[in-house]
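Peer 1: Numbering (the UniProt record's numbering), first residue to last: 1 to 158.
Hints were generated in silico from the structure; no laboratory data involved.
Errors might be hidden in some of the hints.
FRET-style restraints, in silico, Cβ to Cβ [to be verified]:
| hint | residue 1 | residue 2 | range |
| --- | --- | --- | --- |
| 1 | Leu-107 | Val-145 | 32 to 38 Å |
| 2 | Asp-96 | His-45 | 23 to 29 Å |
| 3 | Gly-65 | Ala-97 | 29 to 35 Å |
For each residue, glycine too, the CB sits at the ideal point set by N, CA and C.
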Amino acid sequence: MLGKAYDTQVCSIARSLELVGERWSLLIIRDALFARVTRFGDFQHNLGIATNVLTSRLESFVASGIMEREGSADYILTTKGRALAGALIALTEWGDAWASPIEPPILYRHAACHDGAAHAVVACEACGIVPAEEITIRIGPGMPVDYLAERRGGTRAS
């Protein structure tokens, strides 16, 4: 979606933005996930998005495996698309804290336990929930050595 803007980045965030980083993308996925919207006309009505832009976004979601086409007008999230729920909840909570002048307009709840508050958290597999500022990075197996050699600036990689 963002063209070649991230071709030089070896980063899963950049790769994710290529798929869902366009202005309307996360709002379409939000409506599909949490409002159970599936129909083209309902996305268009709820979001007020131009039909050509919506068509382009939905087609790109289908092409990338985030959604599947069902019938002539329905778009259904795949497992890959539903896996964005945690990221959307985290972005919502960040927006509630740092970008909203009012109280949260949406509260996420856990349906299986009958309305427990649901939150995105940073967790360590050994320690459980931890403050985000305690997180550091380590170079993963997918990082090319030559890419690292050309990087500048400090990192908190250990």
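Peer 1: Decide, hint by hint, whether the structure agrees.
Peer 2: Against the structure, the hints come out as follows:
no.: 1; hint: Leu-107 / Val-145: 32 to 38 Å; in the structure: 46 Å, violated
no.: 2; hint: Asp-96 / His-45: 23 to 29 Å; in the structure: 25 Å, holds
no.: 3; hint: Gly-65 / Ala-97: 29 to 35 Å; in the structure: 32 Å, holds
Violation of the numbered hints given earlier is confined to hint 1; every other hint is satisfied by the structure.
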